[in-house]
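Trainee: Top to bottom, those sequences are chains A and B. The numbering used here puts the first residue of the first sequence at 1, with every later residue one more than the last. The numbering used here puts the first residue of the second sequence at 1, with every later residue one more than the last.
Don't read these hints as lab results, they were simulated from the structure. Note that the structure is a prediction, hence the values are computed from the model and not measured. Heads up, a few of these hints could be off.
[Stated by the list, open to error] Below, in silico cross-link-like pairs of lysine-lysine (DSBU-like), each with a Cα-Cα straight-line distance of 30 Å or less:
1) Lys179/A with Lys29/A
2) Lys134/A with Lys346/B
3) Lys29/A with Lys130/A
4) Lys134/B with Lys20/A
Each chain, written out:
There are 2 protein chains.
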Amino acid sequence: MSRRRLLALTEGLSDPHRGKVARNLLKYKPEEVVAVFDRENAGKRASELFGFGEDVPVVGSLDDAAEANAVVVGVAVPGGVMPESYVEIMREAILRGMDAISGLHDFLSGYPRLVDAAEQSGVRLIDLRKTATKRVVSREGIDESCYRVLTVGNDCSVGKMVVSLEATRELIRRGYDAKFAPTGQTGMLIEGEGEPIDAIPGDFIAGAVEGLVARNQSHEVLMVEGQASLVHPRYSGVTLGLLHGATPDALVMCYELGRERIHGVESMKIPPLADVIELHERLGNVMRPTETVALAINGRKAAPEEIDAERERARREHGMPAADVMRHGVGEIVDAIIERGVRIGKLSPR
Amino acid sequence: MSRRRLLALTEGLSDPHRGKVARNLLKYKPEEVVAVFDRENAGKRASELFGFGEDVPVVGSLDDAAEANAVVVGVAVPGGVMPESYVEIMREAILRGMDAISGLHDFLSGYPRLVDAAEQSGVRLIDLRKTATKRVVSREGIDESCYRVLTVGNDCSVGKMVVSLEATRELIRRGYDAKFAPTGQTGMLIEGEGEPIDAIPGDFIAGAVEGLVARNQSHEVLMVEGQASLVHPRYSGVTLGLLHGATPDALVMCYELGRERIHGVESMKIPPLADVIELHERLGNVMRPTETVALAINGRKAAPEEIDAERERARREHGMPAADVMRHGVGEIVDAIIERGVRIGKLSPR
Numbered sequence: 001m002s003r004r005r006l007l008a009l010t011e012g013l014s015d016p017h018r019g020k021v022a023r024n025l026l027k028y029k030p031e032e033v034v035a036v037f038d039r040e041n042a043g044k045r046a047s048e049l050f051g052f053g054e055d056v057p058v059v060g061s062l063d064d065a066a067e068a069n070a071v072v073v074g075v076a077v078p079g080g081v082m083p084e085s086y087v088e089i090m091r092e093a094i095l096r097g098m099d100a101i102s103g104l105h106d107f108l109s110g111y112p113r114l115v116d117a118a119e120q121s122g123v124r125l126i127d128l129r130k131t132a133t134k135r136v137v138s139r140e141g142i143d144e145s146c147y148r149v150l151t152v153g154n155d156c157s158v159g160k161m162v163v164s165l166e167a168t169r170e171l172i173r174r175g176y177d178a179k180f181a182p183t184g185q186t187g188m189l190i191e192g193e194g195e196p197i198d199a200i201p202g203d204f205i206a207g208a209v210e211g212l213v214a215r216n217q218s219h220e221v222l223m224v225e226g227q228a229s230l231v232h233p234r235y236s237g238v239t240l241g242l243l244h245g246a247t248p249d250a251l252v253m254c255y256e257l258g259r260e261r262i263h264g265v266e267s268m269k270i271p272p273l274a275d276v277i278e279l280h281e282r283l284g285n286v287m288r289p290t291e292t293v294a295l296a297i298n299g300r301k302a303a304p305e306e307i308d309a310e311r312e313r314a315r316r317e318h319g320m321p322a323a324d325v326m327r328h329g330v331g332e333i334v335d336a337i338i339e340r341g342v343r344i345g346k347l348s349p350r
Numbered sequence: 001m002s003r004r005r006l007l008a009l010t011e012g013l014s015d016p017h018r019g020k021v022a023r024n025l026l027k028y029k030p031e032e033v034v035a036v037f038d039r040e041n042a043g044k045r046a047s048e049l050f051g052f053g054e055d056v057p058v059v060g061s062l063d064d065a066a067e068a069n070a071v072v073v074g075v076a077v078p079g080g081v082m083p084e085s086y087v088e089i090m091r092e093a094i095l096r097g098m099d100a101i102s103g104l105h106d107f108l109s110g111y112p113r114l115v116d117a118a119e120q121s122g123v124r125l126i127d128l129r130k131t132a133t134k135r136v137v138s139r140e141g142i143d144e145s146c147y148r149v150l151t152v153g154n155d156c157s158v159g160k161m162v163v164s165l166e167a168t169r170e171l172i173r174r175g176y177d178a179k180f181a182p183t184g185q186t187g188m189l190i191e192g193e194g195e196p197i198d199a200i201p202g203d204f205i206a207g208a209v210e211g212l213v214a215r216n217q218s219h220e221v222l223m224v225e226g227q228a229s230l231v232h233p234r235y236s237g238v239t240l241g242l243l244h245g246a247t248p249d250a251l252v253m254c255y256e257l258g259r260e261r262i263h264g265v266e267s268m269k270i271p272p273l274a275d276v277i278e279l280h281e282r283l284g285n286v287m288r289p290t291e292t293v294a295l296a297i298n299g300r301k302a303a304p305e306e307i308d309a310e311r312e313r314a315r316r317e318h319g320m321p322a323a324d325v326m327r328h329g330v331g332e333i334v335d336a337i338i339e340r341g342v343r344i345g346k347l348s349p350r
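Work out the full structure: start from the sequences and follow the hints.
Mentor: So this is what it looks like as structure tokens:
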């Protein structure tokens, strides 16, 4: 495809949490986002709403985003169903000749209005979660010289994608041939490929991930994006399929400081982190030896001194490196990733 | 639907293993199967091929199954894709006015020839694995007075469905209001409802099972059909989603005597049974207290004395009841199920 010039639609949901697709595009692909669409916030800059996207304007009319060649749903919608207003805005954008991209379970191609408009305009509807993958795990053809690292967590939405992206960047900066392997729609939007594993039928989850790994295993290091948690009652199956499909050599455990209850199922307490670590290692080890090498703290709701204190506490309690990549950088986590890679003979020191 | 009069299509794959859908229909719904279709074996009785279905004829022409009102794919096809000959036979059956039923991932509705034929005949194409379920786990509205039992295993194809069905029958015989809750296509064909969980997108696996439990929880005991294993690299995600969606009070661990390697991934050894038991309990206990109450031995390839010896060995090693339901009956397993139900206050002794 020719270079993407994206209009990120976040109408009415323009905050860093709900607008996380837009926020991460603004952060990791700033050169591709030409505008954010939100009538309420028109005239502002994206950085005021999302913390990233310095010079990107927020517009309230498609006329003000004429250079965009694709409109992307920039929010994670509660329940996964597109609000009616979004459908209308997408339709108008399509009729103006923009491709339409969505990572929702609620497919664009399920709206006859959008299908008709796309046919009329000759543009594409791209549903990132729509997949025909029917690959099952074979455990064959895996190049064991490729070092596979998976981010895991004690809950969903704790920063696995960000840690994976930051670690990939830092590994590359240090001279390693590292690649980010996305398993969710936002990561796929950023990287341009991946597997939308939460949308894949159960039988094919691990196989899809094995395929993702296999087609990228010419790289020295694969940073595989984790999803959810083995202790999340909704999505634990996705997490286990991912763990068994990726057969990682190393795990980075992510958690949010202060989070006590399962995201979306608040009646459930999150188990102690040591248990969650042990559980992921235990299940990973069913397939191949793996080990948790570092902790990634998400301190988005905490004060700086709280984050620093947690870092010290976590290092002591769990006996491994810990850092909030936003506050402390990803260096110490990457040190630990490299150290294990060297120890198991998959990386050389640089 | 009016009473089903099924023609089971097993052409070229008429043995108990590959024809397991037909075999189980013949065993558990003999009154609904009017004929088996296999040209090579026309003239035989179903029982000669499958071990069940005493009086059911094997036919080689649709003319000989005129009373059938539905044709069902009776095999588990390797790779899940329907052989070309099956498509043609299905089409002819449809044109004669039969509904068509399939549990394959390869949907009937994906064949324009079949869709056209069904429209022409005014019959239905029923793809058991086609599902629009988008339910996520809420952990709300669960009636904790309903006693939930899940069959689990150290591999796939070890007899979970059969153990669930046999235990349900025996519980009913003893005066309990028990219900079989199917999670696979064969179970669904037998029971007339269920959730095809291996075809459900990852995010919705546990939610679908929670829904299945919720809509059947007026029963005293639910025997939930297990799938695969936490140690199966292909399907472990399905198993964990099922475990966390069903939140069972009790587990029955199924395994095949003599099986040493993972079904379909023979490069992998099956871990020791004690580890598999501990892993399922550990992961189940993340949500709610659960416990393995009995072992179900599948001795289909073993001699009677080997099965008896394994039973003694298993009882000693694991300290719990063990039985091959085909050889020893399901009584001892059901005793153990009831014992735990009484112990946790969900059942009364009868």
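Trainee: Which earlier hints can't be squared with this structure?
Mentor: Failing hint: just 2.
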